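Visitor: First residue of the sequence shown? That's 59 in the working numbering, and the numbers climb one at a time after it.
Everything labelled a hint here was simulated from the structure, so no lab data went into it. Just so you know, these numbers come straight off a predicted model, no measurement behind them. Please note: incorrect hints may appear among the correct ones.
As the list claims (entries may be wrong) - Across the chosen pairs, the derived CB separations fall in these ranges: (1) Glu124 - Phe73: 28 to 34 Å; (2) Ile193 - Gly118: 36 to 42 Å; (3) Leu195 - Glu70: 16 to 22 Å; (4) Thr180 - Ser67: 39 to 45 Å; (5) Gly76 - Ser194: 44 to 50 Å; (6) Gln107 - Arg62: 14 to 20 Å; (7) Gln107 - Pro144: 18 to 24 Å; (8) Arg62 - Gly127: 40 to 46 Å; (9) Gln71 - Glu129: 29 to 35 Å; (10) Leu236 - Leu195: 17 to 23 Å; (11) Thr87 - Lys126: 22 to 28 Å; (12) Leu142 - Glu70: 25 to 31 Å.
As the list claims (entries may be wrong) - Below, in silico cross-link-like pairs of lysine-lysine (DSS-like), each with a Cα-Cα straight-line distance of 25 Å or less: (13) Lys190 - Lys214; (14) Lys191 - Lys97; (15) Lys85 - Lys238; (16) Lys191 - Lys151; (17) Lys162 - Lys128; (18) Lys151 - Lys80; (19) Lys214 - Lys162; (20) Lys97 - Lys80; (21) Lys161 - Lys212.
Cβ coordinates follow ideal geometry from the N, Cα and C atoms, glycine included.
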Amino acid sequence: MEARNLYFSYDEQPFIEGLEIKLQEGKITTILGPNGSGKSTLLNLFANQYTPQSGSIYLGQRDIREMKGKEIAQKLAVVYQQNLAPSDLTVEKLVGYGRMPHKKLWQSIEESDEEIIDWALTVTNLTELRHKKLISLSGGERQRAWIAMALAQKTKILFLDEPTTYLDIYYQLEILELVK
């Protein structure tokens, strides 16, 4: 994935100017900077949530603006700092949504999907919480549930926007080890 000559502004105020970056497959890339420096904006541009004023973002050989949302979701997953979900949504259902980019509209979860969901719940240590509603979880447990959903997508690219937010030190280390 790469950005070529990327420009983005808020209210006509330049925010990202002429950015050139290529993310290497199989490598962890970390973007560091102070609050408000554009890290989340860049993630939103890469996830096709924002449109740059000029320049291009390529996923493989294709401009991301030419791709459908489902196709992008089959190739990359995103976990944001803050996420919204219906109050009655369970952990298992949320993680199951990670399989939807790989399904046709009328298809339901199959045994192979269940195995992936079980794996994602296990590696994020959420198996015992699978039937709990997200609203009843601690902030750290909710963050792990969103990470489990992204892992269940089984994509080659995983974007994490401050993934250790709300996590105690034990789970911070676990999540960082997991995404390695």
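Visitor: Compare the structure with each hint and give your call.
Guide: Hints, one by one, checked against the model:
no.	hint	in the structure
1	Glu124 - Phe73: 28 to 34 Å	violated (24 Å)
2	Ile193 - Gly118: 36 to 42 Å	holds (38 Å)
3	Leu195 - Glu70: 16 to 22 Å	violated (41 Å)
4	Thr180 - Ser67: 39 to 45 Å	holds (43 Å)
5	Gly76 - Ser194: 44 to 50 Å	holds (46 Å)
6	Gln107 - Arg62: 14 to 20 Å	holds (19 Å)
7	Gln107 - Pro144: 18 to 24 Å	holds (20 Å)
8	Arg62 - Gly127: 40 to 46 Å	violated (22 Å)
9	Gln71 - Glu129: 29 to 35 Å	holds (32 Å)
10	Leu236 - Leu195: 17 to 23 Å	holds (18 Å)
11	Thr87 - Lys126: 22 to 28 Å	holds (25 Å)
12	Leu142 - Glu70: 25 to 31 Å	holds (29 Å)
13	Lys190 - Lys214	violated (29 Å)
14	Lys191 - Lys97	violated (30 Å)
15	Lys85 - Lys238	holds (9 Å)
16	Lys191 - Lys151	holds (9 Å)
17	Lys162 - Lys128	holds (10 Å)
18	Lys151 - Lys80	violated (34 Å)
19	Lys214 - Lys162	holds (20 Å)
20	Lys97 - Lys80	holds (15 Å)
21	Lys161 - Lys212	holds (13 Å)
Checked against the numbered hints above, the structure breaks hints 1, 3, 8, 13, 14 and 18 and satisfies the rest.
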